[in-house]
Each structure stands twice: as C-alpha cells, then as structure tokens.
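Each chain, written out:
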Amino acid sequence: MTPFQYARANDVADAIKQIATDPSAKFIAGGTNLIDLIKYDVEGPTRLIDISHLPLRSVEPTAAGGVLIGAMVPNTDLAYHPLIEQRYPLLARAIMSGASQQLRNMASTGGNLVQRTRCFYFYDTTTPCNKREPGSGCSAIDGVNRINAILGTSEACIATHPSDMCVALAALEAAVHVAGPAGTRTIALADFHRLPGNTPQRDTNLEPDEIITAIELPSKGFSANYSYLKIRDRLSYAFALVSVAAALELDGDTIKDARLALGGVAHKPWRSSAAETVLRGERADASAFARAADILLHGAKGYGHNNFKIGLARRAIMRTLGQAARGTPQSNSDKKIR
Amino acid sequence: MASYIGSATSRIDGRAKVTGEARYAGEFNVPGLVHGYVVESAIPKGRVVGIDTSGALEVDGVIDVLTHRNRPPMADNDDAYKDEVATEKGSPYRPLYDDRILFGGQPLALVLAEDWESARVAASRVRIEYQKEPHVTDLHAQRDTAFAIDTPEKPRGDAGKAFASAAVRHVAEYFIPTEHHNPMELFASTAIWDDGRLTVYDKTQGVQNVQKYLCGVFKMKPDEVRVLGPYMGGGFGAGLRPQYQVVLAVLGARALKRPVRVMLTRAQMYALGYRPASIERLALGANSGGTLDAMTHEAIAVTSQFEEFARNDTGWGNLLYKSPNAKFEHRLVKLDLPTSCDMRAPGAATGVYALECAMDELAIALNTDPVQLRLQCYSERHQGEDVPYTSKQLRECYRQGAAEFGWDKRNPQPRSMREGSELVGWGMASGVWEALQMPATVRIVLTANGHAEVATAASDIGTGTYTIMAQVAADMLGLPIDNISVKLGDSTLPQCPVEGGSWIASSVCNAIANTAREVRGDLLKLARRMKDSPLADAGVDDVALTDGKIVSKRDANRAVSIASAMLSDNAERITREETNKVAEDKSHARNVHSAIFAEVKVDEELGVIRVTRLVNAVAAGRILNLKTAHSQVMGGVVWGIGMALHEETLFDHRFGRVMNANIAEYHVPVNADVHDIKVIFVDEPDETVNPLGIKGLGEIGIVGVAAAIANAVYHATGKRVRDLPITLDKVVQFN
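Line by line, the protein sequences are chains A and B. The first sequence lines up with residues 828 to 1165 when you count with this note's numbering. The second sequence lines up with residues 2 to 736 when you count with this note's numbering.
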C-alpha cells in the first residue's frame, strides 16, 4: 500500500487544475472501488483529490426532453429519483440490482462508470495481469475464468466491466459529459469504455486529466416495455455472470424500436446495432428475439470455465426481451425470474 | 418458579453485543499498543533466500520487522507446538520459525509499527527473495498419491462381493470443494508483555488450549501466561487450534517489550485452516425388497504435507442404516497447503452429504420413496459396535418433518412438478452427529445476597453458552436468572476443553448440576444446624433449591431461605468447584439425528436455483433454550444452503493460490437466498446420555442439508449434480 495525501477540490475547475499538476493523483468520490484497490496495492495514487463535495448532485430535465444527472449523485438517490423511476425505470432497476444498499449509498454515478474489473488476477498482485502490469501476461485466459469475458476479448485481456448501471446507460444511449484542461466534451456511452486490445490497462477513453461532470439521458426512456435481468451465482450481492438490459418500443405486437445491452460478458457494456435493427419491424416473439440474440452474441468465445456464458446469455436475452415485450420487468425484490 | 431450562430465554449477553460493550480480541486497547501487520509468502513452496526490510524500516512509525532471522527464541521441537486439537501425526506448523515455505500465504515477516496503517504501508515494502520448489495443490490431479489411514469403523462381511451380487446397485463419486470458515470477526490477538508475564487477548475457541500452547512455544510456566477471549465473532472450528497470529503477537511483544496486536486481513485468513476438499465414493447394494446388503464408503480428502488431518467422513452409514456387509476407507492426499481443519460438523457435513445423496439415488433405482427406504434400512443399533443408542428419535424426525413439509403430496417423478417457468423439486436427507461429553469443571460462588457467579474456561463462540449456563445455574440454585453472572473465556478459570464437537452444552451444564448439588449440600448443612430447622433430617437429594429457598421435596412447607441459612453461620459466600462425570460406557452409542426436507424451484431455462422451503426436524435430547437452539439450527441450515449452492474456495493450481480470498467472491448465502426455514425439535428424553439429557446442537443443523437440496434439485430437474456447489451451469446444459 502506498501512502497518499488528501486534498479537497472546491469546484470542477479546481479539480482539473489539481489533477493536472500531479500525474500520480486520483479523484475519489464514493471510494467504493478505489479504496479496495489501494488496499490491495493494485492502485497507488500518492494524492487523492476528493471530488465528493463538488456541486454535481442534481438530477434535472434537459431542454431536449432528457435528463442530466450530476456525476456526484449517489447511486441510491439516482435509482429512487422520481424522474428516473418514472421515465427511465430500466436504469433504476439496473442500479438496484448492483452491489448492496450500503455500497449504493456511497457510490457516485460518475464513479460507477470508472469502476474497475473484478477479474481475480487483477486483484492478486503476485500473478501476471496485463491490465495491472502491462506486458506481464494474462493469467485468466488459462486460469480461473468463470467470471471473465466471452465477447470483445483480446489475447492480452479477458476482463469484464462489472457495472450494472452502465449496461442500462448503454441501452438508453446515454452520453457522458466530461471536463478537462482543454474544455468540455461529450462522449457517447458506447464510446466511453474500451475493448482491451493491446492496451487493457486503459478501461475508458476518459483522459487522465479529465473529470466526469454529468451523464445525460436522451428523452426516450422505454418506460412501458423494458427489463433488466441479472444472472449471478447467488440471488443478490454478486456480480453478474450475464446481465441483460432490454428496452422495446411497441406498436401492438410490432417492435418499432429496440435496445439491447449485455453486462458481465465483455470489457464494456455489449451492444450491437445490427441486433437491434433486426428486431425493428418484427413481431415481438421468440423467433425475432432469437435472431437478435444470435447477432449480439456473434463471435462469442469461451475460455473454459466461462463457456456456459454463451448459452446462458442467449437464453437470458430471449427471456429479458420477453419480459420487456409483456411489460413485466424483472423484479429486484422477488428473485423468481418472470 | 418456572424452569429456565427449555424456555426461549434471550441471550444474557445480547445487550453487551449490540451496544459494543462486549469486547473482542482485537478491541482491547492498552497504552503503548504496537500494531503488527503480516507479510505473506507469494509462493506456495520453497525457501526464503533473502528478506530486505530496509524499505519498510524507513517508513515513519515503523519500529521493527521480525522475520525468522531476528525473532525472539522459540521452542525447537514438535511437541511444544502440539495443541490439544493438533493432529496425531505430523509436525505442526511453526510460525516465523525458519526459511521454509510450506504454503501460499504463509507469514514470513511481521512489521511492527506505532499504528496499523504505517505497519500496512511498510509491509508492502518488504522485499522477499524466493527459491521456488515445485508445488501441488490439486486434489484431483494428486488422487493417485492418496494413502489410507486408520478409521474407527471396521469392515464387516464382504462388501465387494455383496455389492456385486446385489439386485439393485448404486455407485457414484461425490465431490465437496475446499471451503473456508469466514467468521465475521477477523482473527486477532493482543499480547501484553509485562516483566516476564504474558497476557493475551485472543480470538479462540479454547483459551486454555492457547495458554498451554504458548507455554510450550515460548517455554513459559503456566502461571506466567494468561489467555482471555470473552467473546468470539464466530469460530466454526477455525479457532479450535491456536492460529499463527497469536504466536506473532507474542513474538512482537517479547521482542519490543511492549503490547502488540496482530489482526489478520480477510484475505490472510484464507491461509488458515479450511474444510478439506474431498472425493467421496459410495457403493450401495440392495436386495429387491429394498434393504441394504452392501455399503462401501470411501473418502479421499486433503491434508498438508506436514500434518495428517482427518475426520470421520465414512462411518455415518453405520449409525443410520443396517447393512450386513460394509466397508469404510479414508485416504489422504498431501498438498502444499496449510493443514485442513475442523469446520462445522467436520466429516459429517461432507460424508453425510455423499451418503444421503447416494441413498436418494438408490431409492430411485429401487423405485421406492426416499423416506420409506430410510425406514426400511433404519438401524436400532450402532452397526459397527452393535450397541443400542441412548436414544434415537430419528423415526419421529422423519414423521414430523414429512408432515410439516407435506411430503405425502410429492409426485416421485422428476420434473413432474412445475410452477410457471420454474421446476419444483422436493428432496430429503437424514442428519447425524455425535452426542459428546468432555470433562469440564465449573466453579460456583454463591453469595449471601442471593447472587451466584458461575465460571469455567469455556468460550462462547456466539452459540449462547453464557445464556444456557445462566439458565441451568438459575434452575439448579433456585435463583432468578438476573442474579446469575457467568464468567467464561479466561484461562485462569476452572478447566474446560475447547468449544467444539457440540460437547460444551452437555459438559458444562452437567458440571453446573454437579457443582450446584455441592452448593446445595453446603446450604443444607447450614440449614440443618439452624434452631428448630424444618430440614433437620433431610438429605441433600431430599431438597431442592427453589425461589431462593432450600425446600423439602416431600413437603414444600418445610423450607429455609438461602439467605437465612447463610446468615445463620455468617457465611458470606459458598464456593464449590466440580467436574461433570464422564463415565466410560461402551454399551451405548450416543448420537443426535435429524431429517431435512427441502423444496427448490429451478428456472428451467436459466438454471437459477431458489431454496424456497426447508424443514429440519432435529432430535437432540433436551433442548436447553428454544431461542438459541432454533437460531443455531437455522444458522446450520443457511450454511447448508451455502454448501449446496455457493461455497467454493477457488484455486489457481499453477500458482498454488486461492483466487477468491474475499467475501465478495467467496459466496455464502445472502438474505435473498434464504426463504422459509422451519426448525422442529423432536421430544427426546434421555437419562442415559448424561444426567441432564443434553446432547448438543452445534453441528447437527448443517448435516444433511446440502444432500436434501441436491436431492431436491434432482427431483426438480432430473439432473443429478454430485459435485458441489450446484451452480446453474451444472444444472442446465447451455451450449
């Protein structure tokens, strides 16, 4: 473990200024992941810049009909916010299916986006891991990889992104507002997280001197026909083996618009525009869902312990689309899968 | 006055625990306390070639770094390290003793600093140079190296031949992975060195065991070492043997002549003991009438390279079922791991899981109801020893459990019951454990104001020992329970064995009864000497202590108050110390039994399993406290759910390391996994097992639960999963 200094940022400009002057500094908000990583010696920032007091805690409607969520809004507050519960229930359900109440109370919206993988080897500093120590090798490929990725992997890394919230954000086509020394920019959620490729040490396209200020949701919330289904090794408080965010816009039985994203299977929330295109104009039935699942899972590859995830994901996609089409989203409290 | 024994008395230490007043081993603060942080081995086998502590010593607040090279002296012979729970064969691990690395996570250095954070920072700056040696950690890969050890159960007849000619046969292998205890409280010790005397606050299930161990390791006299552990946040067997942090804390305290606390991290606790992974092979042969002709149970389990730990996995069939031919074999595989150890119902949790799944499979092969098969094979006598039980209400467990569950509505056909997208399965199993007693001594100090202190060196590991002792003492002394104080967890108190094996309740409560009888005798002597005593001609067993009085059993009007009897002689206190009498009686088997009925609902497409109902009917002699007993069995059931569906220590055998050494990834059941649990205590009077008829409940709650769930999963899905945990990918073929 590395000792660190603690500093508080007064506003966004101050935060950017502080991080620019110290390349080994890190922002800290809820700390629900970073503190663990420091304890495990995976991360060793010499300075923590506390951004939890920044005035980024509001959830506001936008002129475009969407919602702008401040980066410091705690996960719990976001999940229970009336605007989110009513207009974006898919996001509320995804958040509530993650972690525990205590963690959700601490975790921030911005922090959720940049949480790091749960790959066992990433946390064990005695083992090779390209994400932790570039060039050292990937232990998971031939190791204990039940929880690892089946899509978008590389020879360097088969880690997954562990967030539930981001899977819903991907399906809802959210955008990430960031600020840096060069000003502000907006990154589509789909472009925010990276695939591992040859640089698995980089989880996201956020630059080291940038800060997430807000998440913007477009107007379309799919509040009538949606579901978030998370399959895991116990019924709560576990990371997803596979999770599915499904959102449909229906005209009678016909699908007008569809969104589909997977969690627990890749280095980022997994989407395919082709899988969603194939659903549009189709009847919302099993054969359409199966075609979409096959496209979304095209190229999926198992590494031994996680082979089952391919078939599991296919069935979970079909099930979740069915729940969405029927208007019977998966409950968080009743663990029976509808 | 109503009896406290048998009532649902709330824990007398409950308030202290929920308010934080109860202090645990890592919470005793003394001035000048030094904090120790352990540096572990990154490799599973080899030698330490070099240790560079210079970086650590540069950290502000660091006082010293102890290694095998500069530590204070320790004993150099195995006997000194053999605690009362140590394995018979082998050389106990000696913490920080020399350069040899025997398992991954082994402590190699102890950083001592003024505060815990500095110690932790410095620990990451200790550089260790290793000489690696090839290691083995995979039971399956090493099973050919298994060697047989002596087991208590002897073969009879010719099980192989009888199996070969049996009308109906079932043979299969079952697997239980390595599991870790994960008590909520982290292992911690606070050692206070004071001019040649040592006081240690330790997380342990046996303060006197640790005291004797430390005397051996540090060559100290018994009166120089005192070990205390008034409360424990869960033990489950992990705290039976002294753990390495207590040695490290004492080493630090001796080196610095200052008090030292060593608290392990959750991850470090995965280098302590564990339930050994085991492969269990069952071969059952039945005649067409549905009774057993042949029973073979063979186990292969994990131990370390340096000790041979084994428990009775294979003999439980001898207690449950008649079979003229039987064979039992226990084999061990030595791996480069810490020594395996006791974990709740050691041997039975694993062995009975395999046995009871095999019986379910045999019932299916015979086309017989699983309960019916067990009744057909029911043994009235211990089959190995050929002796009767002191009591065995297992039939009644089956009957009451089945009735509560609604077993008669079961359609025996697998996949025959369904609710929407879920397949419904009902399974059952038997449970069995021993009703043990160990010598324990209890001291009672009765004061003239009608208060009594009851003391023994037992540990309350969270099960309710404080409370049941107060109940029994209150009844035996005829005092309100609020007038009883209980002292435990101090090695200077009267002798008591480690809290394990479900033997503490029977041992200490019978010792209380014996001691209380002596106190009663003393009181009666005083009462008889009183002028015009109404008890002048009474003997000690003619009177009882009730409502603060010595009362004739024949005539309740003849009574003397305890206070007046003591006042009559100006006696301020009566002190007595007695031991329970543990008679050698080979004419009976002593056991507790249970019947478990489980309902699971399995999503047919996705394989997600929910244990929606579970009934555990337990016959365990006299139940002292319905509330704590119920909690204890419920806890066992929850653990059984975890054993069936969740728990598994994952190893990467290339590195010889545990990969999920944290409770985010080592899964135990959470609230969502636990639904309706019904615990039934079947009435089982037993004056033979011991005078109070107590059998103990510590282990029985978990035994058989995983089997009942596995059998229910089969009934739901038609898929037999024999290797635990039953995860969704084992139930459904996805690809």
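To be clear, the hints were calculated from the coordinates, so they are not data collected in a lab. Note that beta-carbon positions come from the ideal geometry of N, C-alpha and C, so glycine has one too. One or more hints might be untrue.
Far from chain A, some chain B residues (derived; all Cβ distances over 10 Å) [claimed, not checked]: (1) R16; (2) A43; (3) I44; (4) R400; (5) W408; (6) S422; (7) V446; (8) T493; (9) G549; (10) A564; (11) E585; (12) V671; (13) N672.
The calculated DSS-like cross-link candidates involving lysine-lysine, where the alpha carbons are at most 25 Å apart (straight line), are [stated by the list, open to error]: (14) B:K488 x B:K222; (15) A:K1162 x B:K720; (16) B:K155 x B:K628; (17) B:K220 x B:K162; (18) B:K83 x B:K222; (19) B:K90 x B:K220; (20) B:K410 x A:K1163; (21) A:K1128 x B:K731; (22) A:K1163 x B:K731; (23) B:K587 x A:K1163; (24) B:K213 x B:K587; (25) A:K1162 x B:K731; (26) B:K628 x B:K679; (27) B:K213 x A:K1163; (28) A:K1162 x B:K679.
Hints and how they fare:
1. R16: Non-interface label on R16 (chain B) holds, nearest chain A Cβ at 25 Å vs cutoff 10 Å.
2. A43: 4 Å, violated
3. I44: 8 Å, violated
4. R400: About 31 Å separates R400 (chain B) from the closest Cβ of chain A, which puts it past 10 Å; holds.
5. W408: 23 Å, holds
6. S422: 6 Å, violated
7. V446: Correct as stated: the minimum Cβ-Cβ distance to chain A is 45 Å, above 10 Å.
8. T493: 38 Å, holds
9. G549: 49 Å, holds
10. A564: The claim stands: A564 (chain B) keeps its Cβ more than 10 Å from every Cβ of chain A (closest is about 52 Å).
11. E585: Given a closest Cβ separation of 47 Å, the condition holds.
12. V671: 5 Å, violated
13. N672: Given that some Cβ of chain A is not farther than 10 Å from that of N672 (chain B), nearest at about 7 Å, it is violated.
14. B:K488 x B:K222: Answer holds: K488 (chain B) to K222 (chain B) is near 24 Å, not above 25 Å.
15. A:K1162 x B:K720: Satisfied, since the Cα-Cα distance of roughly 22 Å is no more than 25 Å.
16. B:K155 x B:K628: Measuring from Cα to Cα gives roughly 39 Å; hence the hint is violated.
17. B:K220 x B:K162: 56 Å, violated
18. B:K83 x B:K222: OK: K83 (chain B) and K222 (chain B) at ~16 Å, within 25 Å.
19. B:K90 x B:K220: Given pair K90 (chain B), K220 (chain B) holds - Cα atoms ~22 Å apart, limit 25 Å.
20. B:K410 x A:K1163: 23 Å, holds
21. A:K1128 x B:K731: 19 Å, holds
22. A:K1163 x B:K731: OK: K1163 (chain A) and K731 (chain B) at ~19 Å, within 25 Å.
23. B:K587 x A:K1163: Violated - the C-alpha atoms of K1163 (chain A) and K587 (chain B) are around 52 Å apart, more than 25 Å.
24. B:K213 x B:K587: Cα-Cα ~31 Å, so violated.
25. A:K1162 x B:K731: 20 Å, holds
26. B:K628 x B:K679: 13 Å, holds
27. B:K213 x A:K1163: Cα-Cα ~53 Å, so violated.
28. A:K1162 x B:K679: Holds: K1162 (chain A) and K679 (chain B) sit about 21 Å apart, inside 25 Å.
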